Structures are given as C-alpha cells and as structure tokens.
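Using the sequences and the hints given, assemble the complete structure.
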Amino acid sequence: MSAMINVGMAEIKVTLAPHRLVTTGLGSCIGLCIYDPVTKVGGMAHIVLPMVTSLGEGDQGGKYAVTAIPLLVESMLKFGANRYRLVAKMAGGAEMFSFPGQSSVLKIGERNAETIKEILEDTGIPLIGQEIGGNFGRTIQFDTESGDLWVRTINHGERTI
Amino acid sequence: MLSIEQLDALRELTNIGASHAATALSQLLKVRVNLKVPSVEMVPFQRVHSLNGDPSTLVVAVYLKVLEECPGKALFMFDPESAQNIASFLNESPVSQDLYNDEMALSSLKEVGNILLGSFLNALSRLTKLKLNFSVPAIAVDMAGAILDAVILDGGYLEDWVFIETKFAGNKVRGTLAFLPDPGTLDNLLGALGL
Numbered sequence: 003m004s005a006m007i008n009v010g011m012a013e014i015k016v017t018l019a020p021h022r023l024v025t026t027g028l029g030s031c032i033g034l035c036i037y038d039p040v041t042k043v044g045g046m047a048h049i050v051l052p053m054v055t056s057l058g059e060g061d062q063g064g065k066y067a068v069t070a071i072p073l074l075v076e077s078m079l080k081f082g083a084n085r086y087r088l089v090a091k092m093a094g095g096a097e098m099f100s101f102p103g104q105s106s107v108l109k110i111g112e113r114n115a116e117t118i119k120e121i122l123e124d125t126g127i128p129l130i131g132q133e134i135g136g137n138f139g140r141t142i143q144f145d146t147e148s149g150d151l152w153v154r155t156i157n158h159g160e161r162t163i
Numbered sequence: 006m007l008s009i010e011q012l013d014a015l016r017e018l019t020n021i022g023a024s025h026a027a028t029a030l031s032q033l034l035k036v037r038v039n040l041k042v043p044s045v046e047m048v049p050f051q052r053v054h055s056l057n058g059d060p061s062t063l064v065v066a067v068y069l070k071v072l073e074e075c076p077g078k079a080l081f082m083f084d085p086e087s088a089q090n091i092a093s094f095l096n097e098s099p100v101s102q103d104l105y106n107d108e109m110a111l112s113s114l115k116e117v118g119n120i121l122l123g124s125f126l127n128a129l130s131r132l133t134k135l136k137l138n139f140s141v142p143a144i145a146v147d148m149a150g151a152i153l154d155a156v157i158l159d160g161g162y163l164e165d166w167v168f169i170e171t172k173f174a175g176n177k178v179r180g181t182l183a184f185l186p187d188p189g190t191l192d193n194l195l196g197a198l199g200l
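Going down the list, the protein sequences come from chains D and V. Take any residue in the first sequence, count from 1 to its spot, add 2: that is its number in my numbering. Take any residue in the second sequence, count from 1 to its spot, add 5: that is its number in my numbering.
These are computed hints drawn from the structure, not numbers from a lab. Bear in mind that the values here come from a model prediction, so they are computed numbers and not experimental data. Even for Gly, the Cβ is constructed at its ideal location relative to N, Cα and C. Be aware that a few hints might be false.
[Stated by the list, open to error] Okay, derived cross-link-like pairs now, DSS-like style, lysine-lysine, Cα gap no bigger than 25 Å in a straight line:
#, chain 1, residue 1, chain 2, residue 2
1, D, 109, V, 172
2, V, 78, V, 136
3, V, 35, D, 109
4, V, 136, V, 35
[Stated by the list, open to error] Beyond 10 Å from chain V on every Cβ pair, some chain D residues (computed):
#, residue
5, 11
6, 13
7, 21
8, 28
9, 51
10, 68
11, 77
12, 81
13, 86
14, 97
15, 98
16, 113
17, 117
18, 130
19, 139
20, 163
Written out as structure tokens, the structure reads:
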C-alpha cells in the first residue's frame, strides 16, 4: 500500500517507494523533491524563504533553502540514497498577488527558486524538472515509485514533471 | 504573550472595525450581514497555511498592505459562491461561471474588498488615533493555503503571527476578514488603548 505523507510548511520528509509525498496549496513556497532512482529513496522539503532572516532560528532548518537542502540530502543518505545518483525536481514559487511597481527584491517566490537552483548546482544535484513562477497556487504529489512529480492547479490545469 | 485584558481589548477593537465593514457591505449590497465573534490568536507560521480550513479550498481573496503607524496585512477571503453572487448583483449580470477569467466580476470584487477593508481600517485608525494608510488592493482566486503563505511571506521574513479575524456570515455574504499586524504593530495598538 502506498501511503500519502503530508509535508507541511518548513518540514522535510524522506520516504521509500511506494509512498507518496504531498504538499497542498503552495504559494510563494517551493516544494523541492530529491530522488535516488535506484534505491527509490525520495525526499521533499517545503521551503519557505531563501535565506535565514533572523538569528536564533537555527532550530528550524526546514524553513530556508540554504539550510533545508543539506538537511534533506543528509537524511536521504541515511535512508540509503547514493549522493551521486540524486536528481531534483521542484514546483511552486508563485507571486500570488501583484502590486504595481513592486520591486523584484520582494518577489519571494522568484528568489526562492533562484536560491534553490544555485544551491543544487553547488551541491552537484541536477535539476531535471521544474514548474515554478506564475501567479497561481499549486498542490503537488511526488511518487517515489516512478519519480514523477504531479502538479495540480485550480485554473492552470495539471501536469507531471 | 497577550494578557486576557489585552486580548479582550483587541477583540473589541476588531468587532467595532468589522461592524463598520459589515455596515458598508450591507448598504452596498442591500442585504443583512451577520458577524461572528472575532478571534485573536497567536499562530505559529506553520499553521497559517491551514487557518481557513483545508489549504486546498478555493477562495477569492482581496489583499492590501497597511502602512504608517499600524503596518500589517489586511485580507478579505470571500467564499467563491458568495463572491459570484456579489459580482452578479453589482454588475446586474448573470452569475459568472468562470470567475477567474471574468475581469468585470474580479474588478467589482476587488472594489468590494477595498471598501470592506478600508472601513475596517479607518475605524481602527479612529479608535486608536494611529495614522494609517494602505496600498491599492490586489485580488487572487486560488487555494486558501497558497494565498495565506504568499501573504505572510510578503515582506521576506518569517514570524509567528497574531491573526485577528472575523467571519462574515449570512445568505449572500460569507467570508473572513483578517488583519495580521507586522511585528511591533500590536504594541502600537495596545499602547494606543492604554494597555
């Protein structure tokens, strides 16, 4: 039986096939999935912001791209994943509301996506699929059996990456 | 932590503000609008996502940023069916089946949200004598979770939030008015009330 494992804001969850990792209603947050296709170890981080914004928050590594990615990789290795086989997919990073003249510094979704891409590149994990940006929310489901990431929206259809 | 006295004062303030918003709405729509008792709650950021129930629920949300002495985020989330009814009443048009692509309906709802939130905020300002100003409204028709996460992250930092909300009930108008004071604003509000 395949279980659905919910990954809440700032959480990191790792599981094995045939289970599925699910996140509902991503706005500017990003659901990052990392996968080892051989051992079928899959992990998801529900990343909220790119960088640590205040001191004394080290206990919640799942919040930030910079801290969540190393933590996710580390727990996947404990599950038996091989570091050199890891691949990544991500979805989310929307700007749900647009205000005239808002500077890009405040575009959290976009900054989340850029930071994650940089860290993956530095870590040597190829990003093989993404469904990011736009002005709409997404619900995602990662299937650790196939490595498919299923992305659903309310008004922009659905697709599998 | 807020004391019981402070919570009561914030609830009372919210109730008065929301009553002004409800009055504005009932004049506009010529219907009765009932208010539920407001709630003031400290919410860990992880829970904000599901504050309106299931994060995948469809809502029509009007959002504006509050500035000056009372900075924060103000949001009205219409239940989609009541949003459709309101737009159809105001535009004297049939109920829109595709709200998402109905520019006319969205623009009226944005204005209704603006009037609602504006009446709420102006009442807040009068009662506390705090100066405030707000941005133009923005609208989104989407999953409640996605809207709430974008709202709390708008500003680029992460906090646990004090979530002040009042539910609007009634046959025609159902929705939630919410105000999320930025860090520091709560002290300004309570200070203005002598607490």
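Right, here's what the structure says about each hint:
The suggested pairing of residue 109 (chain D) with residue 172 (chain V) is violated, with an alpha-carbon distance near 30 Å, which exceeds 25 Å. At most 25 Å may separate the alpha-carbon atoms for a hinted pair to count; residue 78 (chain V) and residue 136 (chain V) meet this at roughly 15 Å. Note on residue 35 (chain V) and residue 109 (chain D): the hinted pairing is violated, with a Cα-Cα distance of about 39 Å set against a maximum of 25 Å. The suggested pairing of residue 136 (chain V) with residue 35 (chain V) is violated, with an alpha-carbon distance near 31 Å, which exceeds 25 Å.
Once the 10 Å rule is applied to beta carbons, residue 11 (chain D) is inconsistent with being away from chain V; the minimum gap is 5 Å. Not every beta carbon of chain V lies more than 10 Å from that of residue 13 (chain D), the smallest distance being close to 8 Å; the non-interface claim is violated. With a closest Cβ-Cβ approach of about 20 Å to chain V, residue 21 (chain D) is found to remain outside the 10 Å limit, as its non-interface label requires. Interface exclusion of residue 28 (chain D) from chain V breaks down, the closest Cβ pair being 6 Å apart, not more than 10 Å.
Not every beta carbon of chain V lies more than 10 Å from that of residue 51 (chain D), the smallest distance being close to 6 Å; the non-interface claim is violated. Distance check on residue 68 (chain D): its Cβ is at least 13 Å (rounded) from any Cβ of chain V, clearing the 10 Å threshold; non-interface status holds. Non-interface call for residue 77 (chain D) relative to chain V: holds, since the shortest CB-CB distance, roughly 19 Å, exceeds 10 Å. With a closest Cβ-Cβ approach of about 24 Å to chain V, residue 81 (chain D) is found to remain outside the 10 Å limit, as its non-interface label requires.
Separation of residue 86 (chain D) from chain V is adequate, the least Cβ-Cβ distance of about 33 Å exceeding the 10 Å criterion. At roughly 7 Å, the least C-beta separation between residue 97 (chain D) and chain V is not larger than 10 Å, which violates its mark as non-interface. With a closest Cβ-Cβ approach of about 4 Å to chain V, residue 98 (chain D) is found to fall inside the 10 Å limit, against its non-interface label. The non-interface label for residue 113 (chain D) is inconsistent with chain V: the shortest C-beta to C-beta separation is roughly 8 Å, within 10 Å.
Residue 117 (chain D), annotated as away from the interface, keeps every beta carbon of chain V farther than 10 Å; the closest lies near 12 Å. Every Cβ of chain V is farther than 10 Å from the Cβ of residue 130 (chain D); the closest lies at roughly 24 Å, confirming the non-interface assignment. Interface exclusion of residue 139 (chain D) from chain V breaks down, the closest Cβ pair being 3 Å apart, not more than 10 Å. Every Cβ of chain V is farther than 10 Å from the Cβ of residue 163 (chain D); the closest lies at roughly 18 Å, confirming the non-interface assignment.
In summary, the numbered hints that this structure violates are 1, 3, 4, 5, 6, 8, 9, 14, 15, 16, 19.
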